[in-house]
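Following the hints, position chain E against chain V.
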Amino acid sequence: MDPVSILLGGFASGMVLFIVSVGLSVTMGLMGFVNLAHGGFAMLGGYVIVLAMKHWGFSFLPALALAFVAVALFSMVLERLLYARLYRATELDQVLFTIGLVFVMTAAVTLGVGPETQVVQLPDWLRGQTDLGFIKYRTYSLALIAAGTALMIALWLGFERTRFGARIRAAVDNRRMAQSLGVDVGRLFAVTFAIGSGLAAVGGGLGAEILGLDPNYPLRYLVYFLIVVAVGGLGRVSGVFFAALLIGVLDFVLKIYFPKGGTIFIYVLTLVLLLWRPQGLFGRKGA
Amino acid sequence: MSVQLTAAQSLALRHRFKWWELLPWIAGVAVFFVFPNYLSFATQVLITILFALSLDLVLGYAGIVTLGHAAFFGAGAYTVGMLAMHWGWNEPISGLVAAALVAAAIGFASGLVLLRTHGLTLLMLTLCTMTLLEQAANMGAAWTGGFDGMPGLSFAKILGVFGFDALYFRSQYLYVLAVLFLCFVIVRMLVYSSFGQSLTGIRENLLRMHAVGAPVRARQVLAYTVSAALAGVAGALFTQANGYVNLAVLGLERSAGVLIVLILGGYGRLYGAFVGAIAYMVLEHTLAKAYPTAWQLGLGLTLVAVALFARNGIIGIVDALRRRFAGSAR
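Keeping their order, the protein sequence lines are chains V and E.
Numbered per my numbering, the first sequence spans residues 1 to 287.
Numbered per my numbering, the second sequence spans residues 288 to 617.
You may find that some hints are simply not true.
[As the list claims (entries may be wrong)] Here are the computed distance ranges between Cβ atoms for each label pair:
id, chain 1, residue 1, chain 2, residue 2, range
1, V, V268, E, F596, 36 to 44 Å
2, V, F265, E, L399, 16 to 24 Å
3, E, R598, V, L81, 49 to 57 Å
[As the list claims (entries may be wrong)] Keeping only pairs whose Cα atoms sit at most 20 Å apart, straight-line, the calculated SDA-like set for lysine to any residue is:
id, chain 1, residue 1, chain 2, residue 2
4, V, K260, E, G433
5, V, K260, E, A429
6, V, K260, E, M426
7, V, K260, E, R610
8, E, K576, V, K255
9, V, K255, E, G433
10, V, K260, E, K576
11, V, K260, E, G427
Just so you know, these hints were derived from the structure itself, not from any lab.
The beta-carbon is built from N, C-alpha and C at its ideal position, and this holds for glycine as well.
The following block holds chain V by itself, in its conformation from the complex (with noise of 0.2 Å):
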């Protein structure tokens, strides 16, 4: 394969990892919480896609809101009924919740559609390929990355530019500052913690085509998540971005070359940068 079209492919599946795990990143960043369950959202995301446009006679496009707005809501009575009640607890108590939460997503999961792999049906014009001039390459992965991006310029706005985003960083920065300022932290996080969810939500669906759905998504991906997100640095919008487009590239290619266990040096790699930066590749210092 010629270096551009692995570039394009890294970028597709990076693309995915970023609007799964930027929420992700966020949540963890805003109330230290160690949110397990974060992949779980994602995979109920992309069955509600699976579901809608198979049963409901939704289109891909609609049926991507409706994941995003569903997966929002409900994550959203999750967070006030159960997550706020372990913001205090230990990270032992919260990475058994969750955990406990991702078996019970599975098993609902299981239960209510099976336990085969689903299959997202891409609407006629994403599929096939696309010239590009200079390349021809195939069209969803190039949506793929279009999408990416343009979420990345919006969530940057988003955070750079509005009061919202201004007091996101604040309290991610320094919580007990930015609550002393007036700051409502606790809101701040029940509303990200939504939107981080349904972008989960869509990326399960948009990803579904590169990293499978089925019930076993959130325990099998979560390493990932988390290697994408600790590198990033946490609560760094611009820091997952890249970490995911690093963490995608690198797959990818491994993928190709040593198709046998190559993943193994994304693992050497986490460990090493962890172990020289702690708070990540683009994370700040005591952040």
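For chain E alone, coordinates are given in the frame of chain V:
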């Protein structure tokens, strides 16, 4: 008895063996005679108890939250398997020692670097270390058997007398019970020693332990190393008792599983590992085969409930009930 005790006296009092501490071991021996047909399953329970006990030392006493403890279980399991497979070294007890040494070496080396971090970074690093070993075991197929692992391993007689029997697990059961007892005595001594007290101090207040001049890092690394060695012994017992080893000994599921066992039982209290392993494995044994999905659902709901309402596990609930009962009787 309102006698003022010195700190040393109260420690010694806590250290003293209580009569009920004999009960688990009497029960352990009794199982051998009462349930001769369930010894294979009972052996797995004992191995899980030892594994959970090793985790209790780092998690419950030193307060190190790890998601990668299966790394050491797997290291021990693969050490014994590879020794038997490639060098014909199938003497079981020296195998245990070798497994403990290898696991301890990995624990020491990784603890030295990893324990400088904490929180999410530490979780990630322990997770990555374990996944790294898992991938290595998967890739080095010539040595480890890759994805299929090493089936059909056979081991020499224990002490040259008791042969492993693959059908009834009689010698395996007693062997594992004896090893568990030894390891338990070691852990119990450690936990009640001044070393154990300083670990508890580190868990409860890291800053203050630094301030009083305790060698925090060295103690954490030591606890991590001892715990790794014990987990390695548990892994080695797994390979020896079952006669095979595969990638499942190294996965996230095993790490998460032992964490769940320990939390269910109650961490930081020695006997949590026993209660948790028995409760979890008996339930799993009876429910998981018949209703795998419902089992997962129930397990998930239980975890959520434990995290929200019963942070001290089953033993914690029993303690609370006992206290309430004692309170109303007075």
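Requested in this report: Of all the hints given earlier, name the ones this structure violates by number, lowest first.
Outcome: 3, 7, 8, 10
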